[in-house]
Amino acid sequence: MNLSSALPRSFRLLVTGGGTGGHTYPALTAIRTLQGRLAAAGGTLDVLWIGTADGLEARVAPAEGIAFKTVATGKIRRSANPLKMLSAANMKDMARVPLGVAQARAIVSEFEPDVVLATGGYVAVPAGLAARLCKRPLVLHEQTVRLGLANRKLAGSATRIAVSSESSLPLLPAEVRDRAVVTGNPVRPEVLSGHPDKAVHALNLVGFDRRLPTVYVTGGAQGAQQINGVVREVLPWLLSHANVIHQCGPANVDELRFAAAGLDPVLAGRYHVTGFVGPELPDVLALADIVISRSGAGTLAELTALGKPAVFVPLATSAGNEQAHNAQYLADAGAAVALLGEVTAHGLAEAVGPLLTDPGRRAQMAERARAYGRPDAAERLVDVLLAAANG
-8 MNLSSALPRS
2 FRLLVTGGGT
12 GGHTYPALTA
22 IRTLQGRLAA
32 AGGTLDVLWI
42 GTADGLEARV
52 APAEGIAFKT
62 VATGKIRRSA
72 NPLKMLSAAN
82 MKDMARVPLG
92 VAQARAIVSE
102 FEPDVVLATG
112 GYVAVPAGLA
122 ARLCKRPLVL
132 HEQTVRLGLA
142 NRKLAGSATR
152 IAVSSESSLP
162 LLPAEVRDRA
172 VVTGNPVRPE
182 VLSGHPDKAV
192 HALNLVGFDR
202 RLPTVYVTGG
212 AQGAQQINGV
222 VREVLPWLLS
232 HANVIHQCGP
242 ANVDELRFAA
252 AGLDPVLAGR
262 YHVTGFVGPE
272 LPDVLALADI
282 VISRSGAGTL
292 AELTALGKPA
302 VFVPLATSAG
312 NEQAHNAQYL
322 ADAGAAVALL
332 GEVTAHGLAE
342 AVGPLLTDPG
352 RRAQMAERAR
362 AYGRPDAAER
372 LVDVLLAAAN
382 G
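Residue numbers (our numbering): -8 to 382.
Just so you know, the hints here were simulated from the structure itself, not pulled from any lab data.
Do not rely on the hints blindly, as some may be mistaken.
[Said to hold, decoys possible] The calculated DSSO-like cross-link candidates involving lysine-lysine, where the alpha carbons are at most 30 Å apart (straight line), are:
1. K126 <-> K60
2. K60 <-> K144
3. K144 <-> K126
Work the whole structure out from these sequences, hints included.
The following block contains the structure:
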């Protein structure tokens, strides 16, 4: 779909969604991509973001110069026990949704967007319903294999439903399947432009042996105790086969440095532990031959776009068990390894070992991962937004 010849001179986009990076950053990447496409054709983009005051989007949007407003909303605390869904906290929060819809309707009526983009998170429900009430095109974007709770509630109101993989299509309700389009999950362009030598310089990795593969271990911004624990147990073995960059979370650095202090100096030189990886992330990913991480939707999108072999340790408490579904989806295709259930040091070593010692296996997994990547996902999503606005 190429709409560049019919781009509007001005475009008004209302974005809703957030709470976490998984819902926030795809929206931000789509905004940047649409802005760039319009600017190249001499057009302008006016954006308004509806989110929560305490979600990540409340910091990201203003920092990007995007107008931001909040509405009343409530989080549904899910449980396998239906009776627990009727908790006092859930009842109180659900009672706030009608107020949020009224507030969002007033905002949508005043802003008059050409299209509304909802990327999930409970804040998307009031604004998505307001889009329908105001007869504005609504585009949903789903980052995970299965529709999240907010997008399930909004699917019937959507003009288009953008999903991240073909495997999502048969899981959609039959009545909305004809509105679905596979775009992929937008990945920040900078993630795709890293250089391994820059990581070596930025992190001062003077003890790394570049003849060995490099493993990047990450548990997200705060680290993951589960991943940190099993990696610590196998560290001497792991460092005998690889260099390791371990992003462990700020609170865990001292403990892991202490554990590494007793290693042979040559092995210790191959281990770089850090609380947080910032602007150098694209370069770290470029250097990495294998990634050990959680399996959130954003992580999957980045690693498949880059074609990185991965060993996933899903977060067991993720909403709807989505991380396990994500990891299993790639593992079934031979594009990753998924460690489900109880994760042990022995299990991690068995998963990583063949990838470390067999470059051919590593290359095969990289090729399969890349086949599932969509580095052009943001462009595809922008196409969907423009088409929805054009009716």
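- Is the hinted pair K126 and K60 satisfied, with a Cα-Cα distance of at most 30 Å? 20 Å, holds
- Restraint check for K144 with K126, where alpha carbons must lie at most 30 Å apart: Within the cut-off at roughly 17 Å; holds.
- Message: Please verify whether K60 and K144 have alpha carbons no more than 30 Å apart.
- Response: 22 Å, holds
Checked against the numbered hints listed earlier, the structure breaks none of them; every hint is satisfied.
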